[in-house]
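> Those protein sequences? They're chains F and B, same order as listed. Residue 0 is where the first sequence starts when you use numbering that gives the first Met the number 0, and the numbers rise one by one after that. Residue 0 is where the second sequence starts when you use numbering that gives the first Met the number 0, and the numbers rise one by one after that.
Just so you know, the hints here were simulated from the structure itself, not pulled from any lab data. Keep in mind it's a predicted model, so treat the numbers as computed, not measured. Treat the hints with caution; some may be incorrect.
[Stated by the list, open to error] Examples of chain F residues toward chain B, derived with CB under 10 Å:
| id | residue |
| --- | --- |
| 1 | 65 |
| 2 | 77 |
| 3 | 80 |
| 4 | 149 |
| 5 | 177 |
| 6 | 179 |
| 7 | 247 |
| 8 | 251 |
| 9 | 395 |
[Stated by the list, open to error] Examples of chain B residues toward chain F, derived with CB under 7 Å:
| id | residue |
| --- | --- |
| 10 | 49 |
| 11 | 80 |
| 12 | 82 |
| 13 | 83 |
Every residue gets a Cβ at the ideal spot worked out from N, C-alpha and C, and that includes glycine.
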Amino acid sequence: MVVPSLKLQDLIEEIRGARTQAQEREVIQKECAHIRASFRDGDPMLRHRQLAKLLYVHMLGYPAHFGQMECLKLIASSRFTDKRVGYLGAMLLLDERHDAHLLITNSIKNDLSQGIQPVQGLALCTLSTMGSAEMCRDLATEVEKLLLQPSPYVRKKAILTAVHMIRKVPELSNVFLPPCAKLLHERHHGILLGTITLITELCERSPEALRHFRKVVPQLAQILRTLVTTGCSTEHSISGVSDPFLQVQILRLLRILGRNHEESSETMNDLLAQTNTDTSRNAGNAVLFETVLTIMDIRSAAGLRVLAVNILGRFLHNSDRNIRYVALTSLLRLVQSDHSAVQRHRPTVVECLQETDASLSRRALELSLALVNGSNVRAMMQELQAFLESCPPDLRADCASGILLAAERFAPTKRWHIDTILHVLTTAGTHVRDDAVANLTRLIGGAQELHAYSVRRLYNALAEDISQQPLVQVAAWCIGEYGDLLLQGNFEEIEPLQVEEEEVLALLEKVLQSHMSLPATRGYALTALMKLSTRLRGDNNRIRQVVSIYGSCLDVELQQRAVEYDTLFRKYDHMRAAILEKMPLVEQGDPQVDEEVQESKAAAQLSEAAPAPTESQASQLLDLLDLLDGASGNAQHPPLLDPSPGGALVHLLDLPCAPPPPAPIPDLKVFEREGVQLNLSFIRPSENPALLLIIVTATNSSESDVTHFICQAAVPKSLQLQLQAPSGNTVPARGGLPITQLFRILNPNKAPLRLKLRLTYNHFGQSVQEIFEVNNLPVESWQ
Amino acid sequence: MQFDDDEKQKLIEEVHAVVTVRDAKHTNFVEFRNFKIIYRRYAGLYFCICVDVNDNNLAYLEAIHNFVLNEYFHNVCELDLVFNFYKVYTVVDEMFLAGEIRETSQTKVLKQLLMLQSLE
């Protein structure tokens, strides 16, 4: 029983009439069964209809591979309708991974050589869509023959098929290179277009082809000129521009030919300058854009490049979003090489930041960041910061890091820099890079005159919002370091705000307890609290309480810190002040790390007299404080009031603890007895005006050695004294190696310095003890 | 580039997802895998072309428009495209070949198509 098969239209209607997926599947399955049956033994005349139905079904996504052999049969048939559907099926169903495709090679060959033009066209089409490498090799000669046929219809297709063949089998370039020159002389636009594409493909693949075709640059220029000047054929013009596609292709080829080649570039120069295309329609803009791209890529004259940038600038004002996008992308490429030209369009670029389309605003952001330089940095930063507040979250990280980088490179003043970073941290704190915190602390530490200002602003920012972790970390560090400045309350540029000690402590506690704080932030806050215990004048009960609470915290690191700080309060209270002093200036990079390592090693070598727990705790503290500040140099040494002999300690004192001061204070001789002399030399390091270093030198010019030399000192209560271990306690006779010892005196209130010394030693077999106050201390040592 | 049947389906779905969420405030260019998609919307239909990253966006935008304005489709609507899909393929083959623009003149294309039709 032969069921009359559905016509294609009917099938489509039926499928579209199905209301559910299941129904549709049913219809299709039924029809596929029919199709299969008819392929096997149905009427050959109706075969094309079956295949057409199958192709429709395939387009919907259903499997149709059983139709592949049918394609072959249809292609081999002599009727045009059959061939047409067959070739279409071949293009849709066959590809080079199935071996079946090779079977159509023969059919294609026949059709190419003997078929009528439309058939040839079909064959070429199929070849260029799914032709595999083997097929291309086999059929290359046929296609070449067709290149030179009189009929333009076939030639056009043949040329583009040649392009495809070259892509698949690059060796075929040799075959297709010679005809190109002849083809260029054609007038027919379609042929020209194809030829230019072919030449482009050839040149991209092989350098010899490139050299070969450089000769045709003048010819190409001529073609372009004719296109532009004569108002030629209307059939190729689109909205008033004559054949924009051909123009674009020629320009592209010129770009490839002119790249890195002076001579060709020169011939093109004046051609490219004639940009008289109408910019009100997209077609004109397309040509203009291609011109700009070409100018950018070849070795063009400087004036031409400026012209290109101006064109792009004009594009930026265009209301069409596409054109602005294209302009921004190209400007980004140009900004490295023609920076000043692009700068002129900076205001427009900044306006584009406000676009709603994310890709546009991202490009505008990149371009704006690239345009920041020393002179416009303030204005640009304002714009960028305004943008940061309103931009979508995925752009925030880029914007924040861009702003910080630009600020680092171009900051006009330190204060402005600090302000900028502060602003970024408050608006987009969670998106900044990790090293922003370290950078900021280093920056603030270095800007001594701005300590009070920074700490005040950070305190205000922190009081408002404790959720942004980097901000909290920096603020906690600053408050810890410069808490005393915060409480002074008399910085003239911001409104004087009286901050109470209790408020500061409460704020830090809040940070500690907040669940938004990361463990690292808590560490910062805890250490800040400890530092405040020396800076603030009130009693430390509150701090001690907090510290002891955290001694049982679950976080191991916090717990360790808390326990150590607690011990510091209980057992080593006298050392607390010295340990928690202000940090010296941090160097950029790590030149101090080696010194520190030696110092801490030396400190660890300190021997018997010192109780063991002190030094392990002290070196742990050193590690702790190192951890806290990254590569900072914290040149605190655990003070030892019992000096111990240690030859290894000599190099401790060789290392400078602080850079030499600008104006040296004269040395002072304070003691002399029987050839034993004691000299004091004073150093006031410049970055820490409250600090005074005294180096005590004991020399012996007598005939007998001085042994068991011990020097102790006392200062008034308002000053803090720290004695470091002496270099030894023996001064050999007759000018032997002197003993040196370093005193560190902290004098933040600039109280008058008074020093009382106690010496004990053995000399000439007798033990000597001397106690005296040093008079005539130079005024510069404490003012 | 060769794709399996199911890969083809997936591709179609991906492109659809990317293009349909964009409204008039966006540009007509989207980045897709390591190519660009240039699309244009005509009422309910999206015409998309996938090109290399360094091709001229604006020119291909024109090409889409050129394609659509073809007079072979007299007042074409979506249903016409569905019922005559093989004819659409023919038009595509006339204007684009091997991944490049082939013929840009509307009159010429029209002439070819009419001739082909007469052979049926």
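> State for each hint whether it applies.
Right, here's what the structure says about each hint:
no.	hint	in the structure
1	65	13 Å, violated
2	77	12 Å, violated
3	80	5 Å, holds
4	149	16 Å, violated
5	177	20 Å, violated
6	179	15 Å, violated
7	247	5 Å, holds
8	251	8 Å, holds
9	395	20 Å, violated
10	49	15 Å, violated
11	80	11 Å, violated
12	82	6 Å, holds
13	83	9 Å, violated
Hints 1, 2, 4, 5, 6, 9, 10, 11 and 13, counting from the list given before, are not met by this structure.
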